[in-house]
Amino acid sequence: MSLVELIAQADTRGLAVSGLACLDRCLPLLDGDDEVLRPLWAALAAGGGGTPGPDWAEGLEQVRGKLAGPDAADEDEAVLLARRMLDAAPADCSAAEARAWADACSVASLRIHRLLDPVAGDAPVTGVERTGAVADVPPLVAAELRRQTAVLELLASHGPAGLRGALDVSTEGRRVLRAVVSRRARGRT
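For the sequence shown, this note's numbering begins at 173 and goes up steadily by one.
Because the hints were derived from the structure by calculation, they are not lab data. Watch out, some of these pointers could steer you wrong.
Quick list of in silico lysine to any residue cross-link-like pairs, SDA-like style, CA-CA up to 20 Å [what the hints assert, rightly or not]: (1) LYS238 - LEU252; (2) LYS238 - GLU207; (3) LYS238 - ASP206; (4) LYS238 - ALA260; (5) LYS238 - LEU202; (6) LYS238 - ASP259; (7) LYS238 - ALA214; (8) LYS238 - ALA263; (9) LYS238 - TRP213.
Please build the complete structure, drawing on both the sequences and the hints.
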């Protein structure tokens with residue numbers, strides 16, 4: 173099943189997890205520590221009926237405060253995309269809002285990985301990889317596509333019990349992106 177199809181079939185919690193997992197993997201761009209999103213993961217775990225728990229909105233405000241960055245004019249495209257993911261996170265995670273956010277985060281995260289992939293060069297993002305066509309996809313983008321798919325598949329097949337696996341997938345992706353961002357920073361100095 174393609175990523176687009178998985179997003180279309182996910183429930184509200186799955187969509188919120190998908191969006192949060194994309195944001196989590198891109199956290200190194202926002203200079204956030206590994207624990208800053210913990211309140212949001214906890215709200216997803218505490219939710220019932222396929223929706224995030226009642227602490228989601230409060231946790232979101234805390235996270236936004238901790239990750240408030242400098243003037244946007246000073247940031248490159250990858251950082252701006254990551255910041256937009258956080259800014260667009262819905263405080264009231266209705267199904268429609270969660271779906272829109274998950275979809276936007278998916279696209280933004282793939283774009284970020286393309287921007288940071290040294291093999292990608294200036295190749296434009298077509299979005300075709302989200303529909304299952306993965307020929308000639310740069311390695312960093314292909315890995316992010318696999319992670320996004322894995323998160324949605326874990327939640328589809330295991331329900332709330334898949335949350336731990338989704339967090340593990342995101343943690344792995346965050347480590348990879350942190351290494352890429354670090355190499356990129358060293359290359360600029």
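- Hint numbers not upheld by this structure, sorted from lowest to highest: Every hint satisfied by this model.
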